[in-house]
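2 protein chains.
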Amino acid sequence: MANKASSRLEWRINVPDGTSKVLEPESGAVGKIWVGLKGCMGIIVWKVRRVLENAWHIGVADPRKVIHCIKVGLALSIVSLFYYMRPLYDDFGGNAMWAVMTVVVVFEYTVGATFYKCINRVIATFLAGALGVGIHLVAEQSGDQLKPIILGISVFLFASAATFSRFIPSVKARFDYGAMIFILTFSLVSVSGYRVVELFELAHLRLSTIAIGTSLCILVTMLFCPVWAGCELHHLIHQNMEKLADSLDGCVTEYFKENGSEEDLNKKMQGYKCVLNSKAAEESMANFARWEPTHGRFNFRHPWKQYLKIGASLRNCAYCIETLNSCISSEIQAPPCLRKHFSNKCMKASSYSINVLKELAITIMKMKKSSNIDVKVAEMNFAVEELVDALKSLPTTHFIATTTGEESTKAKVEGVEGSEHPSPIMKVFPLVKVVSLMVEIATRIGGVVNAVEELARLAEFKAAKDGKPKQNQPTDKLVSDH
Amino acid sequence: MANKASSRLEWRINVPDGTSKVLEPESGAVGKIWVGLKGCMGIIVWKVRRVLENAWHIGVADPRKVIHCIKVGLALSIVSLFYYMRPLYDDFGGNAMWAVMTVVVVFEYTVGATFYKCINRVIATFLAGALGVGIHLVAEQSGDQLKPIILGISVFLFASAATFSRFIPSVKARFDYGAMIFILTFSLVSVSGYRVVELFELAHLRLSTIAIGTSLCILVTMLFCPVWAGCELHHLIHQNMEKLADSLDGCVTEYFKENGSEEDLNKKMQGYKCVLNSKAAEESMANFARWEPTHGRFNFRHPWKQYLKIGASLRNCAYCIETLNSCISSEIQAPPCLRKHFSNKCMKASSYSINVLKELAITIMKMKKSSNIDVKVAEMNFAVEELVDALKSLPTTHFIATTTGEESTKAKVEGVEGSEHPSPIMKVFPLVKVVSLMVEIATRIGGVVNAVEELARLAEFKAAKDGKPKQNQPTDKLVSDH
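Chains A and B supply the protein sequences, listed in that same order. Start counting the first sequence at 24; every next residue gets the next number (the numbering used here). Start counting the second sequence at 24; every next residue gets the next number (the numbering used here).
Simulated from the structure, these hints should not be mistaken for laboratory data. Accuracy of the hints is not assured; some may be wrong.
Taking lysine to aspartate or glutamate pairs in the EDC-like style, the calculated list, with each CA pair at most 16 Å apart, reads [claimed, not checked]:
# : chain 1 : residue 1 : chain 2 : residue 2
1 : B       : Lys-302   : A       : Glu-131
2 : A       : Lys-368   : A       : Glu-409
3 : A       : Lys-328   : A       : Glu-306
4 : A       : Lys-195   : B       : Glu-131
5 : B       : Lys-195   : A       : Glu-131
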């Protein structure tokens, strides 16, 4: 009977790679458990393999992450020496633990983040320690009855206040970690002070172990392949500018080309999405960058906040490009003859806009004032105006002005008369959309130009050396193609 | 001579509230230092006052933050009892420190975040402790010479591997804190094991103090005014939907109204910016929410990820509204007669779109399937089509079809003939922009509808009870105004 039932039951395991195995029924409960275990193991092995593959790709894509892991291992191994070497151990004893803990907690990927945590940790430990000892002394004066009450109330008050300070944005940005360490140290000192008489000795030992831990972290993070938050931010903004230029290029090319879409172009077009999503990364990097000492081309007081403004203006452009991108996939498209007529003008406007973005990217990368950005902006504006004029001059006859006699403008049939055919308004509709977005994008690129110029002023960029300005041609490929 | 010079020097301190004081020269260096100190103190006092004012506003705006601070103080005070009560102290000794430390580090604003840290901390401590003891035993077998080398290498390897795992997105989202605690505990155990013989005793004590700390945190965070990450996420998405509807309303009203802009409307219009910037908050809340047990209307396995998809579709709308918003401030505006003609249609389309958004917001808030969302979507689509038709029927005569004889569509002068006057293309240009954005916004609202319906399916929302569907009227105010 039981055998019959088990022969009707199938153990089917859906291994997540798409295949599903029918497991043959084995005899008895042991068999079933064994089969179930095998299935579980299979899934676990598959999941682990996927995580490992993922890890491999991450390591290959950015070897600095692997180096960071080695650095952490190295710092921990060095700090372990305190335990292994008897003379040092005798000096610090169990307090050497704080050095290990400091290294684990404080060591971060970027130099800025490590500095931020180190400085916060040292200052907060010192302040909280001093305050804790002070309150401990006061409590000692008030007798054994009052002492725990005073200590308890002070822990409650200071912990609450420090916790609240973490909600204030300006404090959170700079001293979030410090506030936590403050609470930690203060509670530990005022509470353990109840027992330990040698409080000063303890404080001294703990501070020196923390100092050892932090200085080790700072040394290791700065000496071996340092990753500077400032450089990363600089690089991110530069890359985002390039990506934005590429997406704009990709979108306009895609819209006006006649053949099907290519894989390559599609990937290029998606660049704006990175720009849309990089706000959080930019902000945290700018926060860390201001802790970094002078490095490479960046001073201690480099205007990192201005990078955030450039980032915001880039995102502003990206919003428009996102809308432009949705025009491409729109069902309603302008008739081919109209598109062909506009394609040249639009490609020109877009390639001049791209030129401006690329010039800005070069300005950022080289940290030199561009000598011909004004020319490029003027070209962009001119190209956009031409585009609008082309739209204006679409043949629309017999228009009657408003009754108030505002203007009796009659649109003149210009230029395109012979080659092109006029269309009813719905045919122009998708084109007007694209043109209006191009105009808007050009305006917003103007915003990026202003932000970059402000950065150049604040960071005192030098003028670029090369005397002969480059030929102000739009990207050749684009124009010659059409 | 010195007197003369000092009488020409003015000490001017720019107190940041806009006033600047001329300080009268006092006699000698002491006076100057005194004056300088007074200035510094003034600035510090001013800064502290500003931070305090800021803190006050934060506390008034969200009293739960104040409650959180009190909860932290409370938890710390309770855990301090371990020190003050002799019998407990004798049991745990110095290890009671770990309970204090756990409370400080683990206590977070939301229940989900506290759970995440608690579970991570306990599991990571246990795993790392077990592994550390195991490796310690192996090292002990290999003699005193090899032991430090084996321990050192194992610390290096495991610390590096755990650090690397923090770069893998799926691990980072769930086990970032656990990985750090793993490194910490493993290094401490394998390093201190070199000295301490009673390793098992120590491990047991430490685990039990951590268990005490974490369970205290979980109790306090859940019993006193709990802040659930899931509820917060739910509320945020609901609010963002409302804000989006308000901005759309504000933008369209602003565009078509004849008087100057009002303060109130301006504020309303800016709501979409919150939507644009809430990605990071949504993601972290969704991450924490999945650690939360069943609470209120949310099960343990509530589809929190779907909220992220709704958030993304809302942002998609917000991009368009951002572009629409820039149309308002654009210099080129359509002539008043045209705008007046379109105002009604546009307001209608926008108010039907807003209706859909508001209905979705209600669906989310009540967690009940809407009975008339389909009708509202149909109305929205119809209103948008009407708007496009109105644009189509703008009088454009004498259009000649393309030579290929594609379609000899002649735009018919319909409806508006008598009341309105035709305009050249440039006059229609800004309107076409607005209309095309309205069409795009309606399409994207369709995306939000799909995402919400998917959520309703996944979370098994019940159908709303009220049998009689509400009157499907657009927001009255909007239509009657114009």
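Non-conforming hints, listed in increasing numerical order: Violated hint: only 1; rest satisfied.
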